[in-house]
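Read in order, the letters of the sequence shown are residues 2 to 853 in my numbering.
It is worth saying that the hints were derived from the structure and are not from the lab. Please read these numbers as outputs of a predicted model, since none were measured by experiment. Positions of the beta carbon are idealized from the N, C-alpha and C atoms, including for glycine. Please note that the accuracy of each hint is not assured.
What the hints assert, rightly or not - Okay, the calculated beta carbon distance ranges per label pair:
1. Asn386 x Leu271: 50 to 58 Å
2. Arg322 x Asn358: 56 to 64 Å
3. Pro313 x Pro370: 33 to 41 Å
4. His777 x Arg454: 18 to 26 Å
What the hints assert, rightly or not - Listed below are the simulated DMTMM-like cross-link pairs for lysine to aspartate or glutamate, each with C-alpha atoms no more than 25 Å apart in a straight line:
5. Lys474 x Asp356
6. Lys560 x Asp512
7. Lys283 x Glu84
8. Lys487 x Asp512
9. Lys283 x Asp212
10. Lys564 x Asp460
11. Lys290 x Glu333
12. Lys564 x Glu413
13. Lys562 x Glu440
14. Lys475 x Asp526
15. Lys310 x Glu333
16. Lys290 x Asp249
17. Lys538 x Glu655
18. Lys252 x Asp356
19. Lys290 x Asp314
20. Lys474 x Glu510
21. Lys276 x Glu260
22. Lys475 x Glu510
23. Lys581 x Asp460
24. Lys283 x Asp356
25. Lys304 x Glu214
26. Lys538 x Asp496
27. Lys252 x Asp281
28. Lys564 x Asp496
29. Lys474 x Glu413
30. Lys81 x Glu413
31. Lys487 x Glu510
32. Lys538 x Asp460
33. Lys349 x Asp480
34. Lys81 x Asp281
35. Lys487 x Asp584
36. Lys475 x Asp449
37. Lys550 x Glu655
38. Lys550 x Asp460
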Amino acid sequence: MVSQETKTSYDANDILVGRFDSLDVNLSSSIDQGIWEKTKDVPKLADVSLAVDLNSTYPTAAFIAPSLGYAHCTALPVLKALEATSEWESASSSSSRYSLNGSRSSQFDFEWVKGVLSHCKALLQLRLGKLLEHLRLQVSLTARGDTSDQDKAMLAKAAEGAGFVSESKNITIRTIPTVEAIAIAAIKNRSATKGGPKFQDGENILVIHYDGEVAEIQSYSISLKAPVKGYPSSGFQMTEMACGETVDCGKMVDQQFLEWMQNQFGSSFLQLPAKDIGPDSKLMLEFSKVRCEYQTNPSAVYKFPLELKHPPDFAPYDRKRQTCQVQDSQMEMFFRSATDSLYQSLSKHHNRVRDSNMSIKSIIFAGRPGISQYVEQQIVEWGSNWTGILPTNIQVFPIRLDRYFRLESNPEMVVEGAIHSNDPNVRRIHRSRAWYGFEWSCIFENGDPEWSRFRDMFDDVERCSVRICWQVKKNQLLDPSALSSKDVCQVFEADAAPLTSNLKVYRCELDDPPRWIRSHEHTPDPSMEHITTATIKFTQNDFPLGEEKFCSDQVRRRKLKFKAQLSWAHGNGFMRIIAKSADGQRILGFASFFFPEGRDDTGEHISNDKNELEYIPFPICNETGKPLELQYGVEDELNCTIPMITDPFFHLLEFYIHNDAPLSCRIPSRPPAHILPGGETHVPPEFQQEFVPLVFALAGTLQLSHLHISTHLNILLHSEPKHHLHHHDSGVIDSGAAYSTSPLSHITGPAALTKKLVIGDPLPLQFSIRWFPTPHLPRENGKIEWAGIGGHFYASTFFYCLISAMAGAIGSGMWFFGVVLPRRLKGRPLGGATPLGYGVGNGWGVGMGKRD
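All chains, full assembly: derive it from the sequences and hints.
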C-alpha cells in the first residue's frame, strides 16, 4: 500500500537544508584554569610561527616565538603525542596517511592530517601557556612542489578542522614546497653550519631534494640584501631561475618491480589478494625499504616475503622460506625508467635556465640519512658528464668540491626552513608555469586565418579578429612589483548603447603558443583554455580621451582607448586582469583567476553529465559547526562566520560583487518523500525532490589589494497560499530572495556593516530572515500587513486583543438587553410567553375571537 499523501509539508521546526557531517573543532584543551586566567586579558598578540612537515616518514613540528622567549626553532613532541593515540599504530604502519588513487592532487588523507594538526595545536598552546586567540600565528605546511590547488585547499581545511581558526584575522595558513624550505634553511645557515655551503651574492644554485620517493628539482638565484629594520637576521632574495620539476621515482621503481613479478610468476601472482601484494603488504613494504637505501653491489641477492601455493618451476622462488629472489643486476634495471625520467627532468630544467641567459654554478643534493646512493650517483653523473656543472670522473663519497654540496634533509631542517620563510628578510619570487594573454584585433598579416579577416571602417584597414596578445610568458618572473600593460581600443557606433566590450583571457602551456584563437568552430581549442572574461563598461567620461569621426560608409563612430593590465600582486597563484581608462584614473573592467594549476574558477556554473547544475553545501559556520540552516516559518537573526576566505573563495567573491556571476543557491520546497510504492527502490519522477532557487545578491566595492563587502543580508521567503484543509499554512515554499544592505557604509558609515577583506581573513555574516504566507508582498503603504508565521506576538498585542473582546461583549450585551429583548416582549400576553410562565389560559382551550 502507498500512502496517498506522499508529498508532505514543513512543520515550523523543520530544517530547509540537509545536515552534513561537520568537522570536529572542539579539541579538548590541556591548558588549566590558572593559565586561562593569566592570558584572557592579554592586550597584545604575540607573534608565533609554526611549521609542520607532513612529507617526512614521521610528522615533525617546530615553532619560534621571539617575544615569548623562543628566539630559535623549538621542536614539539608531536610524534610522541601521536604514538599515545590508538589510531597511530595502524596509521604509521600503513599507507592510510596517504591517498592511494595515484593522483598527485590527493597527496594526504584528510583525517590523518587533521589528527596531526590537532596534536600540534594542543602542544603549542601547552608549551606557550596561551590560547590561539592571544597569538598572531603563521602556520606553514610543507608539500610537494607540484601540489595542486585542490590539495592545498584540503590541507587548509584540515588545519581549520584541527582548530586553527579564529574570529579575528590573527591566524594565517599556507603551504610551502619542501625543496624551497630546504633551500631557505641552507642559505640561512650558510655561516653557522660547519662545512656547509658558503653562498655569495648573485650565486645561482640548483637544489635537488630526494626523500626516497620523490625527487624535487628547483633552481634559485640568490641576492643578499640588507636586513629589514627591526629584524636582526640577514636578508636575502630567492628568485626562481626556471620552473621546477617533480619526479615520482619511487612509484616508477615499484611499477617496474610489480611488472617483473607478473612476468616471473604469472597467474599465481596475479591471483593473490591485495593484502599480499598491495601497498600495505609485507612484500611492498620490504621492497620499499630496500629501494630507498639501494646502492649497487654485484654479489647481492635481495629476498622479499611472498607466499605462493603453486609457483612456476623455474621462477626465482625459495619454497622453503617462501621468498622471491632478485639479483642486483635486475634491481638496477628497476631503477632504469626512474633514472631516465630524472635525467630528462634535470635536462629540461637546465635548458630553461640557459634560455634565460643564466647558468648554474653549484648543486645542492638534499637527502635524508641513508638515502639511496645510487640515485645520488646518477645526479652527479648528470652534472659532470652531461652539463659540465661538476668536474668529470668524481666519486660521490667523499666529495670535497666548491660546486657540489650534500645536505642531510632531516625533518628538523625542513621545518626550520619553513619557519624562516615567514621572516620579512626572506623574499621569494616565482615564475609563471604557462602563457597568459587576451584576445584582441590587430592588423591582418600573412598566415592569419581568412575567416578572421574583417574591415575596420574607422581606420579603413583589414584586421584579424582573433589574435592573441600574450602578456605573460611561460617561465616569466612574477615579481609582485611588476605589471604587464597593453594599450588597446574599441570602436563603437556613436549612438550605440550600452558601451560594453569583453576581454577574454586565455592560458597556454605550450612552449611555442599559437598566434590566434580558433573561435569559428564549436569545439574548444585544444592548444589553450579560456580562463576568464573581463567585461568593460565605458561611460561619457571616456569620450574626451577617444576619437570620433564620420567613416567612409557615412556612419559616425567613436574609438575609445583603454589599458589592459595583468597583475599578480596577491601572489600565491593569484592573478588579475584590469581594464583601466586611458588616463589610468578609472577601472572599467575587472576579472581574476588562478595560476599555475589552471583551475576553472571563472564563476561559471558547473554541470554534471546530465547537464544538471551541481551544488555544494554552504560554507561551515563557526557558530554552529555546520552549513547555514533555515527553519521553516521561523523569523530570526542569524550569525554565520566563515573561518577563512581561501584564494578560490576570494576569487568567487570578486565575481559575485562585480555581478559577473550570481551566488546561486537552492532550498527544498518541501520535505522529501519518505514512503515508496510497493516494490519500488527509487522515488518515482512525480515525487522527486523539488527545489526553489535562492539567489544571493552580494554587494560591495573592489579594490586592487582588497575588497569591501557588506556583512548584513536580508533573506525573504514566501510560502504557497494556505489550503482550506490546513489549519495553519501550506508548509510549501514558493520563492525567496536574499540581498546585501548598506554596501557603501564603509564610506558613509557606520563601517561595521561592511568588512575590508583580504585572502585569509574570516568573513562574519549576519542574516535577517523574514517569512510571508503568500507570494505577494504587503500593500499597506509600507506597513507590515502580516507579521509572519512566528515571532511577532507580544504582550501588547495580547492586551489589545483582550480589551477589544471585552468591549465587544459589553456592547453586544447592552444592545440585546436594552433594545432587542424589550421589543420582543412588547405586546405579548403573560404566562407561557414569559420566562417564568406557568401556562395560564382562557379555561376552554379555544382562542378568543376578534373583538369589535
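Status of each hint after checking the structure:
| no. | hint | verdict |
| --- | --- | --- |
| 1 | Asn386 x Leu271: 50 to 58 Å | violated (40 Å) |
| 2 | Arg322 x Asn358: 56 to 64 Å | holds (60 Å) |
| 3 | Pro313 x Pro370: 33 to 41 Å | holds (39 Å) |
| 4 | His777 x Arg454: 18 to 26 Å | violated (56 Å) |
| 5 | Lys474 x Asp356 | holds (13 Å) |
| 6 | Lys560 x Asp512 | violated (35 Å) |
| 7 | Lys283 x Glu84 | holds (22 Å) |
| 8 | Lys487 x Asp512 | holds (22 Å) |
| 9 | Lys283 x Asp212 | holds (21 Å) |
| 10 | Lys564 x Asp460 | holds (20 Å) |
| 11 | Lys290 x Glu333 | holds (15 Å) |
| 12 | Lys564 x Glu413 | violated (49 Å) |
| 13 | Lys562 x Glu440 | holds (16 Å) |
| 14 | Lys475 x Asp526 | holds (19 Å) |
| 15 | Lys310 x Glu333 | violated (28 Å) |
| 16 | Lys290 x Asp249 | holds (16 Å) |
| 17 | Lys538 x Glu655 | holds (17 Å) |
| 18 | Lys252 x Asp356 | violated (31 Å) |
| 19 | Lys290 x Asp314 | violated (28 Å) |
| 20 | Lys474 x Glu510 | holds (10 Å) |
| 21 | Lys276 x Glu260 | holds (18 Å) |
| 22 | Lys475 x Glu510 | holds (7 Å) |
| 23 | Lys581 x Asp460 | holds (23 Å) |
| 24 | Lys283 x Asp356 | violated (47 Å) |
| 25 | Lys304 x Glu214 | holds (21 Å) |
| 26 | Lys538 x Asp496 | holds (15 Å) |
| 27 | Lys252 x Asp281 | holds (14 Å) |
| 28 | Lys564 x Asp496 | holds (23 Å) |
| 29 | Lys474 x Glu413 | violated (37 Å) |
| 30 | Lys81 x Glu413 | holds (15 Å) |
| 31 | Lys487 x Glu510 | holds (22 Å) |
| 32 | Lys538 x Asp460 | holds (22 Å) |
| 33 | Lys349 x Asp480 | holds (23 Å) |
| 34 | Lys81 x Asp281 | holds (23 Å) |
| 35 | Lys487 x Asp584 | holds (13 Å) |
| 36 | Lys475 x Asp449 | holds (23 Å) |
| 37 | Lys550 x Glu655 | violated (37 Å) |
| 38 | Lys550 x Asp460 | holds (10 Å) |
Comparing the model with each numbered hint stated earlier shows that hints 1, 4, 6, 12, 15, 18, 19, 24, 29 and 37 do not hold.
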